[in-house]
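Heads up, this note's numbering is the position in the sequence shown plus 4, with the first residue counted as 1.
What the hints contain is simulated information worked out from the structure, not anything from laboratory work.
Heads up, some of the hints might be wrong.
Computed list of lysine-lysine pairs in DSS-like fashion (alpha-carbon distance at most 27 angstroms, straight line) [claimed, not checked]:
(1) LYS115 / LYS134
(2) LYS195 / LYS151
(3) LYS237 / LYS195
(4) LYS195 / LYS144
(5) LYS134 / LYS151
(6) LYS134 / LYS144
(7) LYS115 / LYS144
Here are the computed distance ranges between Cβ atoms for each label pair [unchecked claim]:
(8) ARG140 / ASP235: 23 to 33 angstroms
(9) ASP235 / ASP143: 42 to 52 angstroms
(10) ALA93 / ASP143: 14 to 24 angstroms
(11) GLU228 / ASP143: 15 to 25 angstroms
(12) LEU73 / THR188: 18 to 28 angstroms
(13) LYS237 / ALA59: 33 to 43 angstroms
C-beta: ideal position from N, C-alpha, C; glycine also.
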Amino acid sequence: MSALKIAMALPLIAGGWMIWATQSSGSADTIIEPMPAELETRFALSALPPALRDAASVYLLDPASGYRLARQGSSGIACLVQRTVWEMADFRNDIYYPLCYDAAGTATYLKVIIEAAQLRAEGMAPAELKAEVQRRYDDKTYQAPEKAGLSYMVGPLMRTIGPPDLQVHTMAMPHLMFYAPNITNADIGAKPDLADPSSLLHPFIDRQGNDEQSYIIQLIGAAEKAKILSDEKLLLDDLCAYRDVLCLHHT
């Protein structure tokens with residue numbers, strides 16, 4: 005997730021639509037605590053539009069072993085709360101962001117997330133994990149989807165690297181990510197600029213760790229975002245009550 009090149013996780017790309025917490029880098033502790041299953045399930049499914057949630061599969065994280073399939077869906081969409089970002093080459097206990105993939109993404113990109121969590125649970129160090137994931141891409145163990153598709157990230161909250169200082173923040177930035185492996189901003193004529201939020205209102209490329217994990221990003225509009233935050237108020241309250249780093253602080 006490289007910020008200056010729009011190359012790390014999407015949460016690096018931000019503007020005035022984001023709300024972030026006052027916490028900066030958080031605890032140095034890297035031990036992940038399990039979330040209550042019911043809360044983690046709701047949080048994971050919040051990445052989807054409500055009409056798609058009942059048919060989605062859900063993976064829950066056991067920090068000691070990795071993700072397990074907690075609910076089998078029928079639509080091919082699978083959701084989880086990501087806690088380990090291999091591109092960062094750093095482990096933290098306060099990374100949380102819900103995301104869902106369609107069937108093509110579940111077989112490819114989501115597989116990387118699930119296996120990265122397993123390798124972390126088995127004791128692999130952050131730099132080793134980053135190198136191992138890249139090695140698996142290089143030898144084609146991991147591959148990008150072979151057809152068009154998307155990842156849903158329209159939830160009301162996520163905590164990961166973000167503006168204004170590219171540190172870890174809690175933020176609201178619902179968006180969609182369309183698969184675009186090996187595509188660059190130059191290819192689509194996009195010119196995203198962290199210093200100019202208006203440049204992010206239109207689709208742009210986010211390269212997440214390598215060329216294979218590149219996406220066309222479309223942010224959700226301001227009115228739609230406000231409705232998401234309103235509709236998900238109970239979830240936001242429960243997340244904030246569970247852990248203070250999951251509180252949105254409106255400024």
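ASP235 and ARG140 - C-beta distance against the hinted 23 to 33 angstroms: About 38 angstroms separates the Cβ atoms of ARG140 and ASP235, which means 23 to 33 angstroms is violated.
Given the hint that LYS115 pairs with LYS144, test it: the Cα-Cα distance must not exceed 27 angstroms. holds, 13 angstroms
Pair hint LYS237 and LYS195, alpha-carbon separation not exceeding 27 angstroms: Distance ~34 angstroms between LYS237 and LYS195 Cα, so the pair is violated.
Agreement of LYS195 and LYS151 with the hint, judged by alpha carbon distance not exceeding 27 angstroms: holds, 25 angstroms
Hinted pair LYS115 and LYS134, Cα distance within 27 angstroms: Measuring from Cα to Cα gives roughly 15 angstroms; hence the hint holds.
For the pair GLU228 and ASP143, does the Cβ-Cβ distance stay inside 15 to 25 angstroms? violated, 41 angstroms
If I claimed the Cβ atoms of ALA93 and ASP143 lie 14 to 24 angstroms apart, would that claim hold in this structure? holds, 20 angstroms
So the hint says 18 to 28 angstroms: do the beta-carbon atoms of LEU73 and THR188 match that? violated, 35 angstroms
Is 42 to 52 angstroms a correct range for the gap between the Cβ atoms of ASP235 and ASP143? holds, 44 angstroms
Straight-line alpha-carbon gap LYS134 to LYS144, limit 27 angstroms: holds, 15 angstroms
Can the restraint linking LYS195 and LYS144 be considered satisfied, given a maximum Cα separation of 27 angstroms? Not satisfied, since the Cα-Cα distance of roughly 31 angstroms exceeds 27 angstroms.
For the pair supplied as a hint, LYS134 and LYS151, is the alpha-carbon distance within the 27 angstroms limit? holds, 26 angstroms
Of the numbered hints stated above, those contradicted by the structure are hints 3, 4, 8, 11, 12 and 13, listed in ascending order.
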